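Asker: Make a model of the complete structure from these sequences and hints.
There are 2 protein chains.
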Amino acid sequence: MKFVCSKKKLVQAIQTVSKATASNPQTPILGGICMTAENDTIVLEATDNEIGIRCTIEADVSDNGSIVLMGRTAQDVFRRLPGEDVILDYSLEEKLVHIKSGPSNYTLLAMDASAFPHIIRIEPQEAVSFTVTNKDLDDLIRRTVPACGTDIRRPVFTGCLLDLNSGSVTMAATDTHRLSIKTLMISEGPERPRKVIIPAKALKEIQHLLASDVPTDIRVSCSPNKITFEMEGIFITNRLIEGQFPDYKRVMPQNLPINVTLNTADFLSAVERVSLVTRQSEYNIIRLSFSGDKVRITAKNPEIGEAKEQVDANVEGGELDIAFNAAFVTDALQAITGKEFLFQLDKPLSTSIIRETEDTSFLYMITPVRTR
Amino acid sequence: MKFVCSKKKLVQAIQTVSKATASNPQTPILGGICMTAENDTIVLEATDNEIGIRCTIEADVSDNGSIVLMGRTAQDVFRRLPGEDVILDYSLEEKLVHIKSGPSNYTLLAMDASAFPHIIRIEPQEAVSFTVTNKDLDDLIRRTVPACGTDIRRPVFTGCLLDLNSGSVTMAATDTHRLSIKTLMISEGPERPRKVIIPAKALKEIQHLLASDVPTDIRVSCSPNKITFEMEGIFITNRLIEGQFPDYKRVMPQNLPINVTLNTADFLSAVERVSLVTRQSEYNIIRLSFSGDKVRITAKNPEIGEAKEQVDANVEGGELDIAFNAAFVTDALQAITGKEFLFQLDKPLSTSIIRETEDTSFLYMITPVRTR
Numbered sequence: 001m002k003f004v005c006s007k008k009k010l011v012q013a014i015q016t017v018s019k020a021t022a023s024n025p026q027t028p029i030l031g032g033i034c035m036t037a038e039n040d041t042i043v044l045e046a047t048d049n050e051i052g053i054r055c056t057i058e059a060d061v062s063d064n065g066s067i068v069l070m071g072r073t074a075q076d077v078f079r080r081l082p083g084e085d086v087i088l089d090y091s092l093e094e095k096l097v098h099i100k101s102g103p104s105n106y107t108l109l110a111m112d113a114s115a116f117p118h119i120i121r122i123e124p125q126e127a128v129s130f131t132v133t134n135k136d137l138d139d140l141i142r143r144t145v146p147a148c149g150t151d152i153r154r155p156v157f158t159g160c161l162l163d164l165n166s167g168s169v170t171m172a173a174t175d176t177h178r179l180s181i182k183t184l185m186i187s188e189g190p191e192r193p194r195k196v197i198i199p200a201k202a203l204k205e206i207q208h209l210l211a212s213d214v215p216t217d218i219r220v221s222c223s224p225n226k227i228t229f230e231m232e233g234i235f236i237t238n239r240l241i242e243g244q245f246p247d248y249k250r251v252m253p254q255n256l257p258i259n260v261t262l263n264t265a266d267f268l269s270a271v272e273r274v275s276l277v278t279r280q281s282e283y284n285i286i287r288l289s290f291s292g293d294k295v296r297i298t299a300k301n302p303e304i305g306e307a308k309e310q311v312d313a314n315v316e317g318g319e320l321d322i323a324f325n326a327a328f329v330t331d332a333l334q335a336i337t338g339k340e341f342l343f344q345l346d347k348p349l350s351t352s353i354i355r356e357t358e359d360t361s362f363l364y365m366i367t368p369v370r371t372r
Numbered sequence: 001m002k003f004v005c006s007k008k009k010l011v012q013a014i015q016t017v018s019k020a021t022a023s024n025p026q027t028p029i030l031g032g033i034c035m036t037a038e039n040d041t042i043v044l045e046a047t048d049n050e051i052g053i054r055c056t057i058e059a060d061v062s063d064n065g066s067i068v069l070m071g072r073t074a075q076d077v078f079r080r081l082p083g084e085d086v087i088l089d090y091s092l093e094e095k096l097v098h099i100k101s102g103p104s105n106y107t108l109l110a111m112d113a114s115a116f117p118h119i120i121r122i123e124p125q126e127a128v129s130f131t132v133t134n135k136d137l138d139d140l141i142r143r144t145v146p147a148c149g150t151d152i153r154r155p156v157f158t159g160c161l162l163d164l165n166s167g168s169v170t171m172a173a174t175d176t177h178r179l180s181i182k183t184l185m186i187s188e189g190p191e192r193p194r195k196v197i198i199p200a201k202a203l204k205e206i207q208h209l210l211a212s213d214v215p216t217d218i219r220v221s222c223s224p225n226k227i228t229f230e231m232e233g234i235f236i237t238n239r240l241i242e243g244q245f246p247d248y249k250r251v252m253p254q255n256l257p258i259n260v261t262l263n264t265a266d267f268l269s270a271v272e273r274v275s276l277v278t279r280q281s282e283y284n285i286i287r288l289s290f291s292g293d294k295v296r297i298t299a300k301n302p303e304i305g306e307a308k309e310q311v312d313a314n315v316e317g318g319e320l321d322i323a324f325n326a327a328f329v330t331d332a333l334q335a336i337t338g339k340e341f342l343f344q345l346d347k348p349l350s351t352s353i354i355r356e357t358e359d360t361s362f363l364y365m366i367t368p369v370r371t372r
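Read top to bottom, the protein sequences are chains A and B.
FYI, our numbering numbers position 339 of the first sequence as 339, with every residue one higher than the one before it.
FYI, our numbering numbers position 99 of the second sequence as 99, with every residue one higher than the one before it.
Note that these hints are calculated values from the structure, not bench results.
What you are looking at is a predicted structure, and each value in this text was computed from that prediction instead of being measured.
A few of these clues could be false.
Claimed, not checked - What the simulated footprint calls covered on chain A by chain B, stretch by stretch (three residues with Cβ under 8 Å from a Cβ of chain B suffice, anywhere in the stretch; the number is not a length):
#, segment
1, 73-84
2, 98-105
3, 308-316
Note that CB positions come from ideal geometry on N, CA and C, so glycine has one too.
Answerer: This is the structure we're talking about:
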């Protein structure tokens with residue numbers, strides 16, 4: 001194998017795929033980055049058998065071939081190379097990779113690529129696919145992932161449900177105390193509906209990898225046990241979580257009588273300040289008292305003290321004293337994009353809803369806390 | 001105690017003194033910040049019995065008094081207060097501090113200030129003092145601290161020697177493998193010479209606290225067991241390390257025959273790149289081969305591979321192959337301010353010197369590594 005390519009492009013590709021290298025690999029090859037040079041491109045791949053990432057870049061290839069470099073070393077070395085270009089030359093007899101860039105010469109040990117678990121596509125007959133912009137995908141992930149659970153003994157709650165229909169995709173997440181749902185209309189949805197659960201960890205990684213100010217189309221495909229995301233030059237695959245996600249449509253409370261309109265930023269910062277006294281305690285409880293044109297927010301911690309704030313509110317349909325885990329409320333408010341939002345409530349122990357005032361495609365259900 | 005003051009100034013002062021609060025305090029009060037209101041000022045103090053910091057800010061004091069707040073809580077709460085001003089009111093009967101700023105109201109538990117170990121000055125008859133600018137003090141610290149040892153069983157090497165004379169101050173540090181020395185001329189030095197050893201940890205903290213683009217004079221005073229730094233509004237004290245620092249003047253090699261002039265940035269980046277293959281190994285060894293108008297830099301690691309670079313050099317007085325711990329070389333080069341520097345060498349196992357080409361006030365001695 002021998003090629004010359006742009007150092008910048010190669011470093012970017014290594015940076016991207018290295019997110020999938022195992023940090024404590026079961027076998028050395030899972031800590032490696034596979035490079036395959038063929039027909040004026042280099043394909044870089046890494047996988048920890050959970051997530052897999054493949055990047056393709058242009059190169060001037062003079063000898064086709066494939067090698068695996070240790071991920072950490074590749075990241076360190078290529079990033080620091082002083083030249084504009086990199087010449088990489090693999091000597092099969094020595095099993096050594098010669099790297100040259102400007103005045104730098106490296107000779108690195110390489111692993112045999114034949115043992116590398118290559119990243120493969122979902123067979124077309126198995127795939128259910130749709131196309132989404134990076135901005136819309138980011139929005140789906142950003143508004144739901146924070147509601148995921150972290151208890152690995154209940155794996156279904158550590159991921160987001162992706163509910164695919166011909167005209168819409170819905171993402172939903174719950175840790176059983178709160179449930180966040182975001183729906184997106186799509187023009188060319190799959191013919192067959194499908195529900196899959198994507199690990200939250202994978203979604204965070206994908207959100208990070210696809211972050212860009214440039215609008216890009218992403219092709220998403222699911223098989224029963226795998227999901228893939230594909231865009232210009234990058235292909236990501238991740239295993240799915242097995243199990244049955246709760247029916248999010250059935251648990252939705254209807255006709256909540258108390259409707260409160262609040263300024264999002266004012267209420268969020270007041271909740272954050274008040275919760276400073278309780279956030280180190282186990283339940284992080286804040287009390288909200290809705291009445292007239294105000295909501296009073298209070299918190300108490302016998303070891304630290306107490307905090308009180310009030311925020312202007314438009315309270316319709318009754319008065320109410322209710323308590324929540326502050327983190328659940330701030331997670332919900334961070335998913336709100338409007339300047340104002342709607343808090344819909346019923347009784348002190350009934351599920352409440354936080355939603356946008358106008359956009360009905362997002363909904364955050366939250367269970368109150370019993371305090372006496 | 002009751003006062004009104006600027007939130008910004010109070011937060012800054014809390015931020016500064018909180019560097020001295022104990023993270024795992026032996027007694028709760030050492031995790032606290034003492035606030036004393038008196039005569040239109042508030043004095044804030046924190047100490048972990050090793051370092052102590054005192055800040056003084058202006059305030060509108062209506063009742064004198066003194067309290068101790070938990071450091072972590074004070075930091076969290078005051079920083080997030082929404083108003084321009086803060087009203088703080090301590091109720092002696094309740095033992096509670098009422099804090100008001102904009103729409104926020106906090107009531108925090110306070111500790112009794114009578115048990116707080118206040119930060120005190122060195123008695124004038126004990127003090128040996130000099131004045132230095134923040135820039136010069138930063139320079140003394142920056143060029144020597146990296147050479148300190150980290151082995152707490154040999155405490156003398158975990159600090160910097162401050163060698164005070166009437167016309168100069170010298171700071172020196174060594175871990176026995178390298179020795180860094182920086183001398184500064186001063187106009188009004190102490191009448192009595194004194195040598196003290198300041199913990200590296202304290203110097204790093206002080207460097208950080210005194211960092212400012214505004215030139216400021218700092219008054220430094222030493223007693224046999226304590227050092228204090230004083231500038232506008234801030235007073236810092238730290239215990240000294242007991243013991244005898246090696247005589248740095250005696251170990252200085254004389255008349256090194258080989259003199260190499262190198263470009264600082266080029267050589268530093270080449271050394272950093274080459275050491276990428278060895279930096280995870282125990283000794284991090286690089287080999288330097290000086291001859292003609294070049295220095296070749298190489299490193300080898302049987303588990304990763306090898307790296308080679310060469311850099312233009314002006315080599316006078318002979319040729320030499322020599323090996324060093326790469327980290328010691330990069331530490332030295334990071335202390336060099338000139339575009340070029342001088343590497344002075346003798347034999348493969350003799351101590352070498354890295355220094356500025358023109359400024360003789362800085363000197364870095366470095367012991368080579370035996371490689372066969």
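Asker: None of the hints should be skipped; say for each whether it holds.
Answerer: Here's how the hints hold up against the structure:
no., hint, verdict
1, 73-84, "holds (count 6)"
2, 98-105, "holds (count 3)"
3, 308-316, "holds (count 4)"
Every hint, counting from the list given before, is met by this structure.
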